[in-house]
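S.K.: Here is how the chains run, residue by residue.
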Amino acid sequence: MTTKPLEEPATTRPVDPALVPHGGRSKAPKVLAAVAVILALLPLVPVGIPVLFSGPFDTPGTLQVLAVALTLAGLAMSYDVIFGYTGLLSFGHALPFALAVYGTNLLMAHARLPYPVAAVVAIVGVVALSALLGAVALRTTGVAFAMVTLAFAEAFSILVLTDPVRFLGGEEGLSIASDMVPDLFRGVVNTRNIYWLALLTAVVVYVLARRVVTSRAGRVFEAIRENEPRVEMLGLAPFPYKLTSFVFGSGLAALCGTVYLLVVRGANASITSPDFTLSILIMVVLGGAGRLWGAALGGFVYGVLNLRLSGVATSDAIDALPDWLAGPLSEPLFVLGTLFVLLMLFAPGGLSSIGRRMRS
Amino acid sequence: MSVLEIEALNVWRGEAHVLHGVDLSVEPNGVTALLGRNGVGKTTTLLAVMGLLPATGSIRVDGEEVIGTPSHLIAQRGIGYVPEDREVFSALTVAENLRLAERPGVEHRYDLVYELFPDLASRPNQPAGTLSGGQQQMLAIARALLNPNRLLLIDEPTKGLAPIVVESVVEALVKATADTAVLLVEQNLWVAAELASRAVVIDEGKTVYAGDMDTLAGDPQLAGRYLGVEVR
Amino acid sequence: MSSFVLYTITGLGLAGLYFLLASGLSLIFGLMSVLNLAHGAFFAAGGFAAWWVMDSVTFLSPGPRFLVAIGAAALVGTVTGALVERGLIRRLYGKHVEQILLTIGLGMAAVALMGGWFGYDPRLLTQPGWFTDTTEIAGANIPNSRLLILGVAVLLLVGLMLFLSRTRHGLIIRAGVENPAMVQALGIDVARSFTIVFALGGALAGVGGALGAVYFNGISPSLGTAQLIFAFIVVVIGGLGSVPGTALAAALVALTQVYVNNYVATGLGSISVVILLALVLLIRPQGLLGKAAP
Numbered sequence: 001m002t003t004k005p006l007e008e009p010a011t012t013r014p015v016d017p018a019l020v021p022h023g024g025r026s027k028a029p030k031v032l033a034a035v036a037v038i039l040a041l042l043p044l045v046p047v048g049i050p051v052l053f054s055g056p057f058d059t060p061g062t063l064q065v066l067a068v069a070l071t072l073a074g075l076a077m078s079y080d081v082i083f084g085y086t087g088l089l090s091f092g093h094a095l096p097f098a099l100a101v102y103g104t105n106l107l108m109a110h111a112r113l114p115y116p117v118a119a120v121v122a123i124v125g126v127v128a129l130s131a132l133l134g135a136v137a138l139r140t141t142g143v144a145f146a147m148v149t150l151a152f153a154e155a156f157s158i159l160v161l162t163d164p165v166r167f168l169g170g171e172e173g174l175s176i177a178s179d180m181v182p183d184l185f186r187g188v189v190n191t192r193n194i195y196w197l198a199l200l201t202a203v204v205v206y207v208l209a210r211r212v213v214t215s216r217a218g219r220v221f222e223a224i225r226e227n228e229p230r231v232e233m234l235g236l237a238p239f240p241y242k243l244t245s246f247v248f249g250s251g252l253a254a255l256c257g258t259v260y261l262l263v264v265r266g267a268n269a270s271i272t273s274p275d276f277t278l279s280i281l282i283m284v285v286l287g288g289a290g291r292l293w294g295a296a297l298g299g300f301v302y303g304v305l306n307l308r309l310s311g312v313a314t315s316d317a318i319d320a321l322p323d324w325l326a327g328p329l330s331e332p333l334f335v336l337g338t339l340f341v342l343l344m345l346f347a348p349g350g351l352s353s354i355g356r357r358m359r360s
Numbered sequence: 361m362s363v364l365e366i367e368a369l370n371v372w373r374g375e376a377h378v379l380h381g382v383d384l385s386v387e388p389n390g391v392t393a394l395l396g397r398n399g400v401g402k403t404t405t406l407l408a409v410m411g412l413l414p415a416t417g418s419i420r421v422d423g424e425e426v427i428g429t430p431s432h433l434i435a436q437r438g439i440g441y442v443p444e445d446r447e448v449f450s451a452l453t454v455a456e457n458l459r460l461a462e463r464p465g466v467e468h469r470y471d472l473v474y475e476l477f478p479d480l481a482s483r484p485n486q487p488a489g490t491l492s493g494g495q496q497q498m499l500a501i502a503r504a505l506l507n508p509n510r511l512l513l514i515d516e517p518t519k520g521l522a523p524i525v526v527e528s529v530v531e532a533l534v535k536a537t538a539d540t541a542v543l544l545v546e547q548n549l550w551v552a553a554e555l556a557s558r559a560v561v562i563d564e565g566k567t568v569y570a571g572d573m574d575t576l577a578g579d580p581q582l583a584g585r586y587l588g589v590e591v592r
Numbered sequence: 593m594s595s596f597v598l599y600t601i602t603g604l605g606l607a608g609l610y611f612l613l614a615s616g617l618s619l620i621f622g623l624m625s626v627l628n629l630a631h632g633a634f635f636a637a638g639g640f641a642a643w644w645v646m647d648s649v650t651f652l653s654p655g656p657r658f659l660v661a662i663g664a665a666a667l668v669g670t671v672t673g674a675l676v677e678r679g680l681i682r683r684l685y686g687k688h689v690e691q692i693l694l695t696i697g698l699g700m701a702a703v704a705l706m707g708g709w710f711g712y713d714p715r716l717l718t719q720p721g722w723f724t725d726t727t728e729i730a731g732a733n734i735p736n737s738r739l740l741i742l743g744v745a746v747l748l749l750v751g752l753m754l755f756l757s758r759t760r761h762g763l764i765i766r767a768g769v770e771n772p773a774m775v776q777a778l779g780i781d782v783a784r785s786f787t788i789v790f791a792l793g794g795a796l797a798g799v800g801g802a803l804g805a806v807y808f809n810g811i812s813p814s815l816g817t818a819q820l821i822f823a824f825i826v827v828v829i830g831g832l833g834s835v836p837g838t839a840l841a842a843a844l845v846a847l848t849q850v851y852v853n854n855y856v857a858t859g860l861g862s863i864s865v866v867i868l869l870a871l872v873l874l875i876r877p878q879g880l881l882g883k884a885a886p
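Residue numbers (our numbering), protein chains in the order written: chain A, 1 to 360; chain B, 361 to 592; chain C, 593 to 886.
Among the hints, a few may not be true.
Lysine to aspartate or glutamate pairs mimicking DMTMM-like chemistry, simulated, CA-CA at most 25 Å apart [claimed, not checked]:
1. C:K687 x A:E222
2. B:K535 x B:D563
3. B:K535 x B:E425
4. B:K519 x B:E467
5. C:K687 x B:E375
6. B:K519 x C:D725
7. B:K566 x B:E475
8. C:K687 x A:E226
9. B:K566 x B:E462
10. C:K687 x A:E171
11. C:K687 x A:E228
Please keep in mind that the hints were generated in silico from the structure rather than gathered at the bench.
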């Protein structure tokens with residue numbers, strides 16, 4: 001094939017490789033450690049950010065929003081391993097997350113397992129299932145891989161919504177089997193503990209993901225992303241590496257799912273939806289793919305905006321606008337989607353690259 | 361004035377710096393052979409002329425710079441391109457492949473094409489993907505000959521063909537290229553010598569020889585050094 | 593037996609909807625390597641256009657009004673498709689992943705935009721009385737709307753095949769799906785075809801939305817997204833870029849779904865389609881009529 005160069009094949013190289021740092025083993029960990037400490041102290045601070053949050057940081061409502069955002073930050077990092085580092089365009093990353101949320105709760109409710117045990121069993125189960133689904137899906141590449149993973153996620157979504165065996169709660173979802181949850185994490189009064197657990201999880205996800213992406217295998221992941229045929233020419237079979245990345249990222253997503261269950265006190269069908277699975281991609285690209293802290297930032301910002309934009313949008317300024325404008329503007333996803341389109345057009349490296357761009 | 365003039369052509373493919381300083385020119389009539397070892401960048405040169413690869417340096421067609429011009433506008437200047445692996449549209453029929461090649465506003469030389477390649481005339485409705493290798497090559501050449509072009513870029517027209525088919529393709533090319541400027545990439549030195557009067561050799565990404573074809577073919581040492589072939 | 597006929601025709605009607613969505617997706621992908629995740633929004637936009645016509649153009653009687661509604665849906669789809677390609681996709685030319693990401697954001701914003709305007713509950717489409725009457729075929733009473741959907745889809749399939757085989761634009765698109773660079777090297781501006789396939793895909797999806805509003809008894813912003821997933825499955829099973837493959841796969845997927853839902857258990861139909869997809873991938877990764885995997 002000689003005349004193909006005009007149309008590059010649809011490889012899944014993430015956004016703008018020039019902006020993906022190499023050897024970025026810089027001061028990021030120190031800065032992030034400082035951010036983590038600040039976040040850990042936040043529940044003790046009796047002030048807030050007006051408009052953006054409904055109350056001070058030490059109130060359960062605000063902590064709940066932040067805990068959701070932290071879980072999504074973890075989820076975004078787990079996806080960054082698969083998409084940002086390995087270049088696998090999976091559209092089904094909601095699946096391991098949602099499976100862990102539902103699985104943990106079902107194990108608590110029906111097998112009467114205490115929360116920590118249920119969570120571990122769920123994660124192990126998700127890892128095993130991901131290995132199986134990944135092995136099938138990775139027979140395809142590029143866009144076909146995206147569609148197949150999307151189909152797998154959709155299958156679970158339909159299973160939840162139609163709920164043929166009256167087991168998954170359908171559209172209403174399941175509320176948490178709270179009698180199997182340790183006292184420490186039960187109820188609104190303990191939102192602060194749940195927040196800390198979500199923060200700890202995000203940190204653990206970061207540390208684990210960083211270990212893997214900076215390991216030898218992690219360098220192979222990046223080599224696959226940049227140029228898969230060349231990896232093959234070097235005598236390495238890409239498949240086991242791609243599968244490892246897929247399964248590892250899915251396992252981290254499952255870990256986030258087990259915590260998300262506690263944060264929102266239940267399993268909601270919306271986390272199985274195709275919209276949610278695509279929004280994980282948006283989170284990662286929003287922050288900057290191929291950079292763990294960028295993905296975390298994207299997940300966090302997305303989480304806060306998605307939960308709080310509707311609150312902001314009911315403000316008087318919006319109410320004063322004509323209906324045809326006020327209606328869409330009060331839809332968080334309209335604002336986020338539009339912002340995202342603009343980002344793709346003008347700053348495809350994501351939020352974490354904007355500073356770099358302005359400096360250069 | 362030369363139909364095609366290339367100066368200091370540099371081309372990257374991915375991270376590989378394939379060409380770094382190719383110079384050549386193609387005169388209005390006759391065939392110029394572009395020679396060199398395998399993988400030296402002959403095909404890359406043609407792709408760059410067609411605007412299918414980003415390049416720096418200078419590529420002038422009839423004196424006008426074409427680097428940076430979109431491929432279709434380069435082709436519309438009267439360049440016919442016969443790519444290395446034929447690249448006929450396999451799902452399209454023979455007639456559709458030719459119809460697609462019709463450039464608006466010029467005469468379409470179906471008579472010439474069908475006279476040169478009667479095999480094509482007899483199977484207009486056969487999908488090109490089911491043609492034999494030789495027939496596909498004929499179709500690829502026919503596509504370039506259909507419009508009265510100023511310049512033909514022909515990339516290894518005999519590659520992978522049986523000797524008997526090579527002969528008929530060469531015969532057709534002799535007839536077809538009599539009144540057009542041609543830049544021909546050819547591995548087979550015998551074929552090149554048969555068709556071309558001038559030769560350009562590239563080695564390690566640069567032009568190392570430009571001159572008479574016969575001189576090159578008649579000098580075993582020269583040919584052996586640049587082309588890695590034994591000349592009997 | 594009569595229920596089998598009913599299910600088959602219902603399934604083929606659904607196949608028609610899938611085909612209308614999937615054929616555009618497949619052509620866009622085949623030609624431009626762009627996976628258009630905003631395609632579901634074209635479907636919904638067409639549905640709302642049809643709903644609006646049925647709701648407000650009351651001086652026409654429902655029959656002719658429905659024809660106008662289909663036309664409006666096609667028009668909205670065409671214009672939206674062309675604008676999206678010209679205004680947005682083209683700016684990211686050659687960057688396929690960025691283009692996909694852009695369509696994700698666009699689809700999300702478009703669904704929310706329609707949600708802001710029309711709300712998320714399904715809007716019921718005023719239907720001509722003839723639609724809900726039934727016709728007896730082989731002992732089964734088939735609602736006329738199912739026959740209409742099937743008829744329109746078959747008509748558009750034939751029209752699309754004729755367009756692709758008989759017109760120069762169609763020829764360029766078919767050749768471009770195989771090898772856009774070579775088309776360009778023949779002196780043809782492939783980029784013009786990009787706009788055409790987006791407009792065409794938008795039109796087909798728009799008509800799909802109008803018919804979908806009839807089939808699903810109403811139109812909501814997220815209906816397109818839900819159908820888009822099945823359209824993807826159809827595209828992968830049929831083989832990327834192949835229109836006949838898409839038609840075949842649409843029938844296969846929709847019939848599997850309807851039969852399993854009715855003969856096995858409600859809800860299992862969609863799951864079985866995913867299993868079908870997995871099987872096809874294991875046996876023939878390039879799809880039924882596809883060439884090599886992309």
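S.K.: Now tell me if each hint is right for this structure.
M.R.: For each hint, the structure was consulted:
1. With a C-alpha separation of about 19 Å, the suggested pairing of C:K687 with A:E222 holds against the 25 Å cut-off.
2. With a C-alpha separation of about 30 Å, the suggested pairing of B:K535 with B:D563 is violated against the 25 Å cut-off.
3. Distance restraint check for B:K535 and B:E425: the Cα-Cα separation of roughly 30 Å exceeds the 25 Å cut-off, and the hinted pair is therefore not satisfied.
4. Of the pairs offered as hints, the one joining B:K519 and B:E467 is violated, with about 30 Å between alpha carbons and a cut-off of 25 Å exceeded.
5. For the given pair, C:K687 sits about 18 Å from B:E375 by alpha-carbon distance, which is consistent with the 25 Å threshold.
6. For the hint linking B:K519 to C:D725, the alpha-carbon distance of about 66 Å lies beyond 25 Å, and the restraint is violated.
7. Using a Cα cut-off of 25 Å, the hinted pair B:K566 and B:E475 is violated, with the two alpha carbons roughly 39 Å apart.
8. Only pairs whose Cα atoms come within 25 Å are accepted, and C:K687 paired with A:E226 is accepted, the gap being roughly 14 Å.
9. Distance restraint check for B:K566 and B:E462: the Cα-Cα separation of roughly 35 Å exceeds the 25 Å cut-off, and the hinted pair is therefore not satisfied.
10. A threshold of 25 Å between alpha carbons decides the hint, and for C:K687 with A:E171 the separation of about 38 Å lies outside it, so the pair is violated.
11. As the CA atoms of C:K687 and A:E228 are separated by approximately 18 Å, the hinted pair is consistent with the 25 Å bound.
In the structure shown, a violation is registered for the earlier hints numbered 2, 3, 4, 6, 7, 9, 10, in ascending order.
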